[in-house]
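**Q** Each protein sequence line maps, in turn, to chains D and E. If you use the numbering used here, the first sequence closes out at 114, no skipped numbers anywhere. If you use the numbering used here, the second sequence closes out at 1050, no skipped numbers anywhere.
Mixed in with the good hints there might be a few duds.
[To be verified] Taking CB as the label site, the calculated pair distances span:
1) D:F14 to E:R1017: 22 to 28 Å
2) E:G952 to D:K109: 33 to 39 Å
3) E:D954 to D:A54: 44 to 50 Å
4) E:V1033 to D:V46: 29 to 35 Å
5) E:E1021 to D:N7: 21 to 27 Å
6) E:S998 to D:P83: 39 to 45 Å
7) D:I82 to E:E988: 41 to 47 Å
[Claimed, not checked] One-sided excerpt, in silico: chain E residues whose CB lies under 8 Å from chain D:
8) G952
9) V955
10) Q977
11) G978
12) F981
13) D992
14) P1038
15) L1039
16) F1041
17) G1042
18) N1043
[As the list claims (entries may be wrong)] Heads up, simulated SDA-like pairs for lysine to any residue below, C-alpha to C-alpha not over 20 Å straight-line:
19) D:K113 to D:R71
20) D:K53 to D:E43
21) E:K993 to D:I15
22) D:K109 to D:L47
23) D:K106 to E:P997
24) D:K106 to E:L975
25) D:K106 to E:R1046
26) D:K106 to E:S1037
27) D:K53 to E:S1037
28) E:K947 to D:E43
Hints in this document: simulated from the structure, not taken from any laboratory. All residues carry an ideal CB built from backbone N, CA and C; glycine is no exception.
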Amino acid sequence: GQQLNQSPQSMFIQEGEDVSMNCTSSSIFNTWLWYKQDPGEGPVLLIALYKAGELTSNGRLTAQFGITRKDSFLNISASIPSDVGIYFCAAHYGGSQGNLIFGKGTKLSVKP
Amino acid sequence: GAGVSQSPRYKVAKRGQDVALRCDPISGHVSLFWYQQALGQGPEFLTYFQNEAQLDKSGLPSDRFFAERPEGSVSTLKIQRTQQEDSAVYLCASSLVHGNSPLHFGNGTRLTVT
Chain D
3 GQQLNQSPQS MFIQEGEDVS MNCTSSSIFN TWLWYKQDPG EGPVLLIALY
53 KAGELTSNGR LTAQFGITRK DSFLNISASI PSDVGIYFCA AHYGGSQGNL
103 IFGKGTKLSV KP
Chain E
937 GAGVSQSPRY KVAKRGQDVA LRCDPISGHV SLFWYQQALG QGPEFLTYFQ
987 NEAQLDKSGL PSDRFFAERP EGSVSTLKIQ RTQQEDSAVY LCASSLVHGN
1037 SPLHFGNGTR LTVT
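For reference, chain D alone in the conformation it holds in the complex:
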């Protein structure tokens, strides 16, 4: 079936460093999204991408919808301790907005 391959699985970085993570698939999707999940909470939407090639920023976060529609990346610049958490890519398949497939997540740890 369809699946999203998210990498890296985990990252340990120093505060102030930039971070990059990505998601690839063998399937084509119409929408890519990036979520962050803190322990004990639900995922929170960070960035939504609706068009192939689209590059979108949200503060220190930048994400791109790959031109082939099979991949996406998320960059975080100048990381801070509150960036700690698990980042998930997600993509839409089928007609229902809710039929999101999620990657397995990238766990980010930031050393002050």
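Using the hints, position chain E against chain D.
**A** For chain E alone, coordinates are given in the frame of chain D:
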């Protein structure tokens, strides 16, 4: 309230018991979704409602799982004869309309089946 509310936050059930998990979506949100998140994994789609109509239940893992949203607002996910493999966090999400409006997730119910 301001966000999606789920109850209970934690549920421990003995194998074979039935459980019911509740979701209060954001007021006015038409679409409601249930996801299952196993430990260390991303959420996996279970089912989707538009108002009171269950439009997609393709993700429900077995006929022990049943969801309803009788008045198009609050939803209940029921699991009958729970098994250990049902242990997971069950997330509810809602969105304003069908289409490209973003999903807002609740904090989930952590179900542990012993």
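**Q** Need the status of pair K109 of chain D, L47 of chain D: alpha-carbon distance at most 20 Å?
**A** holds (16 Å)
**Q** Does N1043 of chain E meet its interface restraint, that is, does its C-beta lie within less than 8 Å of any C-beta in chain D?
**A** holds (5 Å)
**Q** Given the hinted pair K106 of chain D and P997 of chain E, is their Cα-Cα distance within 20 Å?
**A** Within the cut-off at roughly 19 Å; holds.
**Q** Mind checking the CB of F981 of chain E against every CB in chain D and telling me if the closest is under 8 Å?
**A** Holds: closest Cβ of chain D sits about 6 Å from F981 of chain E, inside 8 Å.
**Q** Has the hinted range 44 to 50 Å been met by the Cβ atoms of D954 of chain E and A54 of chain D?
**A** Taking Cβ atoms as reference, D954 of chain E and A54 of chain D lie about 46 Å apart, which means the hint holds.
**Q** Does the nearest C-beta of chain D fall within a distance shorter than 8 Å of the C-beta of G952 of chain E?
**A** G952 of chain E check fails; min Cβ-Cβ to chain D is 28 Å, beyond 8 Å.
**Q** Straight-line Cα separation of K53 of chain D and S1037 of chain E no greater than 20 Å?
**A** Roughly 15 Å between the alpha carbons, so the hint for K53 of chain D and S1037 of chain E holds.
**Q** Hint G1042 of chain E vs chain D: min CB-CB distance below 8 Å?
**A** holds (5 Å)
**Q** The hint names V955 of chain E as touching chain D; please verify it with the least Cβ-Cβ distance against 8 Å.
**A** violated (19 Å)
**Q** For the hint on L1039 of chain E, does the least C-beta distance to chain D fall short of 8 Å?
**A** holds (7 Å)
**Q** Quickly compare the C-alpha distance for K993 of chain E and I15 of chain D to 20 Å and report which way the hint goes.
**A** Since the Cα atoms of K993 of chain E and I15 of chain D sit roughly 41 Å apart, the hinted pair is violated (cutoff 20 Å).
**Q** Quick one: are E1021 of chain E and N7 of chain D within 21 to 27 Å, going by C-beta?
**A** holds (24 Å)
In the structure shown, a violation is registered for the earlier hints numbered 1, 4, 8, 9, 19, 20, 21, 26, in ascending order.
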